[in-house]
Each structure stands twice: as C-alpha cells, then as structure tokens.
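Chain P is already provided as a structure; the job is to place chain F on it using the hints.
So the protein lines, in turn, are chains P and F.
Straight run, no breaks: the first sequence in the numbering used here ends on number 283.
Straight run, no breaks: the second sequence in the numbering used here ends on number 265.
Incorrect hints may have been included.
Taking lysine-lysine pairs in the DSS-like style, the calculated list, with each CA pair at most 25 Å apart, reads [said to hold, decoys possible]:
| hint | chain 1 | residue 1 | chain 2 | residue 2 |
| --- | --- | --- | --- | --- |
| 1 | F | K95 | P | K270 |
| 2 | P | K51 | P | K229 |
| 3 | P | K201 | P | K270 |
| 4 | P | K246 | F | K212 |
| 5 | P | K246 | P | K229 |
Some chain P residues near chain F, calculated using beta-carbon distances under 7 Å [as the list claims (entries may be wrong)]:
| hint | residue |
| --- | --- |
| 6 | V9 |
| 7 | S10 |
| 8 | Y27 |
| 9 | I31 |
| 10 | I34 |
| 11 | I75 |
| 12 | A78 |
| 13 | S82 |
| 14 | Q95 |
| 15 | I108 |
| 16 | L111 |
| 17 | G217 |
| 18 | A234 |
With beta-carbon atoms standing in for the labels, derived distance ranges [stated by the list, open to error]:
| hint | chain 1 | residue 1 | chain 2 | residue 2 | range |
| --- | --- | --- | --- | --- | --- |
| 19 | F | G13 | P | A142 | 20 to 30 Å |
| 20 | P | V9 | F | N224 | 44 to 54 Å |
| 21 | F | W174 | P | R67 | 51 to 61 Å |
| 22 | F | S93 | P | S269 | 16 to 26 Å |
Bear in mind the hints are in silico, worked out from the structure with no lab data behind them.
Keep in mind the model is a prediction, meaning the values are calculated, not measured.
No residue lacks a Cβ here, since even glycine has one placed at the ideal position from N, Cα and C.
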Amino acid sequence: MIDSLRKHVSPGWVLVAPFLMLVVVLYLGPILNILWLSLTDPEPGLQNYQKLYTNDTLLRIIWTTFRICLITTIISVAFGYSIAYAMVHAHKKRQKLMLTLLLVSFWISILVRTFSWLMLLGHNGLLNNALETLNIISEPVAFVRNELGVLIGMVHYMVPYAVLPLLVNMQTLDTRVMSASRNLGATGSQTFFRIYLPLTKPGIVAACLLVFILSLGFYVTPAILGGGKVLMVAEYISVQLLVTLKWGTAAMLAALMLFGVLALLYIMSKFMKLSTVFGGSTS
Amino acid sequence: MKQSMLAMFNRTGAWVLLFFLVLPALISIPVSLTPKRFLSMPKGELSLRHFEKLFTSPEWLSSFAQSAIIASSTALLATILGTLCAIGLWRVSSKYSELVRAFLLLPLIIPQIISAMAFYRLWIPLGLLDSYPGLIIAHTILASPMVLITVSASLANFDPKLEQASKNLGASNWATMRRVILPSIRPGVFAGALFAFILSWDEIVVTLFISKFNVYTLPRRMWNGIRENTDPTVAAAAVVLIAITVIAFGVSTVLSRRRAQTQND
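Just chain P, same shape as in the assembly (with noise of 0.2 Å):
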C-alpha cells in the first residue's frame, strides 16, 4: 500500500507538506469561518449583503475606498511609467543608483514613511511653517486629516510596486521595434505612441491590478493621515471587530474585499506570469 503511495506521489511533496497544512489549518480555515461568518451573523441569511442596499454610511465607505484606490492607481502608475522609462535608457551606473534609491524607499517602514509625512504636512508641520515664514499663506493649509494627505501617502507607498512589473516589461522589449519605426520615418513621440506604449500595455495593466489590489486592503496610511475623517474599508473593518464587536459586517465587507482581489488577481495572471511580478522585487 505504502509502496504503491510511494509510485505514484512523487517524495517532493513531504517537503511541501509543513507549510502547506500550517497554511491550510491555521490560515485557510479561519478564512473561510470569516466567509462563512457573512452569511450566518447574527442570524443565518443575506442581511449581511443587504446592508449594501440600505445602508447608506457603508455604501459612502465602500465608495471612499474605491475612488481614492483609483486615483492612487493613476498616479502612482503614471509616475512609476516615468521612473522604469527613465531607468530602462539610462546608462548602467546612473540605473544602479535609480534603482538603490527606488529599493531603499521600498524597505523603509511604512510606520516611518507615515510618521514622516504627519512631520511634513502636519497642522504645524514643516511645510506649513515654511509657508507661513515666507508669507504665502496666514492660516496653516490641511494638507492631512483629509483625502489629500492620505493620497499622498498612498501614492508615496505604490510608486516602488508600480516601478517593478513596468520594469520587467520594458527590459523584454525589442528595441529593434522602435528603430525600425524611426528609420521608416516616424517622429519621436510618434514612435513612442503609436509603438513604444502599446507594447509596454501588459506592464501597465499589471502595474495598474497589482497597485489597486495592494490599495483596497490598506489600512496603516488611511488611519493616521486621514485621522478618522477618511474612513475606508480596511479601517471599517477593524472599527467593528475591535470596537462594536459587529463580526457579520465585518466578515461581509471582508468577503468583498476578497472576492475583489481574487477577481483582479484571475486577470492579472492574464497579463503577466505573476511569479515574474512578485519575484522582480527580490532580484
């Protein structure tokens, strides 16, 4: 029996085996109580999912997270497509230190790179002070405790991850491509339009999933730039497990996130080999 096992189970997955039931039990298992929690708290239904319908302060939540993710997405993806274009023609050592300060930014703490921002912006902050010494304004401007600063934040945070899939995009590109099409006659930027981005459409949309999806669960910059007055999903879910104690709303709002970032995952993969994605940043 044990042989017959050993013939047709190669001996590779006794090493996957570890991991895999500590995943499965004490990973997966709680998941799918949380799914299964949606449905069930306080009493078995779709009451949970009705409140979507009814309930207009977490529609106004969902529809905060959703716009100030789209927004993080655009800009972050359009800086990132500035920062890999650059880096992908610049000679070999300027690229070393492009990459060093995109890297670095990248392992700060995301508590420091917060924190910083808070010094910056603040009510009293550098920037304000800065301007109220110069005379440019006379009451300090709220650059935080409102969308503006955690968009800052957040774009902040996105630029490094938008870099990476656009990188490895543009290192495959043939460049004989755009030669041939500057030789037939075409101007630059109609090269770079009309060739040069089209090509580079699998890193941005990759750019563009992997952005939105690190967006949607995110939950340190929105609760101390925003100061309680930007309330997202991610922060809406831990005021009703920790404070109101409310699991079936929680588990419902956590069920759509979920769904959500599987749904954007699925078509990712349709674009790029994932691996190749969460690998770049290792490399």
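Quick look at chain F alone, frame taken from chain P:
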C-alpha cells in the same frame, strides 16, 4: 528631435520622483535632534536627549527586545518551512505543484486586514492572543512565502543534473540535499531569511489585532506614539529604524551580488 526633449524632460522628472520617494523619510533625523519636548525642527541648538530617552526607557527597550525575539524566531521558522517547501515544489514540478505554489503565495497577497481578522478569529479559541507563539506563528505564515519566492528563484538556476550526478555517485537523498542542493541555493535562503525578518520586524496590522499588553512590539509602540503625535522619542526611534533598514539593504545587496557571482561560475 522632439523625442529627445521629451526624454530629457522625463529623465529630470524621474529623478525628482525618486528623491520624492526617499527624502521625506529623512525628516525624522533633524526632528529627533530637537532640544524641545515636542515635535519640532531644531533651531540652532541640537540635542541627543531623545535618543538618550529611547535607549534608557524600559518600555522602548522592552519593545526592541520583543520585536527582535519575534522577528528572529519568525525568520528562523519561515526560512526552514519556506526552503523545504521550495525544494519540494521544485522536485515535484507538475501542474499541481504550480497550483499549490500559487495557493501558498496567497498570505503575501491577501490584504493584511483580512489576514488579521483570520488570525484574530482563530487565536481567540486557541488562547494564542497576546502571546509570543501567537505572533510568531502568524508572522511565519505571512513571511514564509517570501522565502519560497527567493529560494525558488535560486533553484531556477540550479542544474538538476548535479542532483542526478550526486545520486549516481551513491549519495543518499539527505546527503544530496545537504551537500549539493543547499550550498548552491544558499544566497536565496539568506535573502529569504532577511526578508522574513524585516517583514516581521515591521508588521503592524496583524500585530494590532492579536497583541494587547503582554506583547508590545516596536511597531506597536511607534503606532501609539504616532497617534498621540507629540513625543519626539518616536522620531528618534524612526531614525534607528532607518539606520537598520540601510544596513539590511547593504547586506542584501552584498548577498545578491554573491548570488549573481555563483550563477556566473
């Protein structure tokens, strides 16, 4: 020559953006040197009092120690689990193993707030809330996929014929693993361990849910400090964190350079 104008414009823009990514974080350096008791830029006079407070306060020191214990344990466990798993999947390499690989990367991709909910939900009945094992297991599940990625990348460059040769020469599975496979993927294993350490060292969302009084990690203490938003000791802590980041980055650069070298050999 419109293209080169545009390209030059873009190049300048890209540099500005890159500095926009790095420079804001450095504001904590001058703020940490302020002689005042509240968050402010120092004017003229500099003082190290906030660093002194950071390194003499029992609360901050205990948070540093707790984070170090949790992050090292996480790195150790995640490296063992992730490396074994990567070697196993590489051995199997079939349609199913790719599916399993994608599944095992999920803890890295699923929003952390959902992971936090999941651990919170299960840790209550298991009695793991607010304990070292609770945090270490949760962080290990989140960090092992990192190791899986880096070790898999190393394995992709490993020639399977070497394994075959070792076996043909009479080495056991275990000897082949220890003397042939592990030495050639060592840079990937080290890089994975480093990433796992950093992930746990920085982790705040899951930690906020599953820790309370007993376990109070460094990010947790910073989180509270930031929310109160007055004490410059937080700025001093931020400077220490940046310094650690830069050192870790240096180490990982050396490692990846060594990895590139072993590939060229």
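Right, here's what the structure says about each hint:
For a cut-off of 25 Å, the pair hint linking K95(F) to K270(P) stands: about 17 Å separates their Cα positions. Taking the CA atoms of K51(P) and K229(P), the gap is about 22 Å. The hint holds against a cut of 25 Å. Annotation: proposed proximity of K201(P) to K270(P) holds, straight-line Cα distance about 13 Å (limit 25 Å). Distance restraint check for K246(P) and K212(F): the Cα-Cα separation of roughly 20 Å lies within the 25 Å cut-off, and the hinted pair is therefore satisfied.
For the suggested pair K246(P) and K229(P), the alpha carbons sit about 21 Å apart, so the restraint of at most 25 Å is met. The criterion of a C-beta within 7 Å of any C-beta in chain F is not met by V9(P), whose closest approach is roughly 9 Å, and the hint is violated. Among the interface hints, the one on S10(P) holds; its C-beta lies about 4 Å from the nearest C-beta in chain F, closer than the 7 Å criterion. This hint holds: Y27(P) has a C-beta 5 Å from the nearest C-beta of chain F, less than the 7 Å allowed.
Among the interface hints, the one on I31(P) holds; its C-beta lies about 5 Å from the nearest C-beta in chain F, closer than the 7 Å criterion. Taking 7 Å as the C-beta cut-off, the interface hint given for I34(P) holds, the closest approach to chain F being about 6 Å. A distance limit of 7 Å between C-beta atoms decides the matter here; for I75(P) the minimum to chain F is near 11 Å, and the interface restraint is violated. Because the smallest distance between the Cβ of A78(P) and any Cβ of chain F comes to about 10 Å, over 7 Å, the interface hint for this residue is violated.
With 7 Å as the threshold, the beta carbon of S82(P) comes within range of chain F, its nearest partner Cβ sitting at about 5 Å, so the hint holds. Look at Q95(P): its Cβ only gets to about 11 Å from chain F, farther than 7 Å, so that hint breaks. Checking I108(P) against chain F by beta carbon gives a least distance of about 5 Å; that is within 7 Å, so the hint holds. Using the Cβ-Cβ criterion of 7 Å, the hint placing L111(P) at the interface with chain F is satisfied: the shortest such distance is roughly 5 Å.
Look at G217(P): its Cβ gets to within about 2 Å of chain F, closer than 7 Å, so that hint holds up. Annotation: A234(P) was flagged as interfacial toward chain F, and the flag holds, the nearest CB pair being 4 Å apart, inside 7 Å. The hint said 20 to 30 Å for the Cβ distance between G13(F) and A142(P), and at roughly 27 Å that hint holds. The hinted window of 44 to 54 Å between V9(P) and N224(F) holds, with their beta carbons roughly 50 Å apart.
Between W174(F) and R67(P) the beta carbons are some 56 Å apart, a value that agrees with the proposed interval 51 to 61 Å. For the pair S93(F) and S269(P), the supplied restraint of 16 to 26 Å holds, since their beta-carbon distance comes to about 19 Å.
Against the hints set out earlier in the document, violations occur for numbers 6, 11, 12 and 14.
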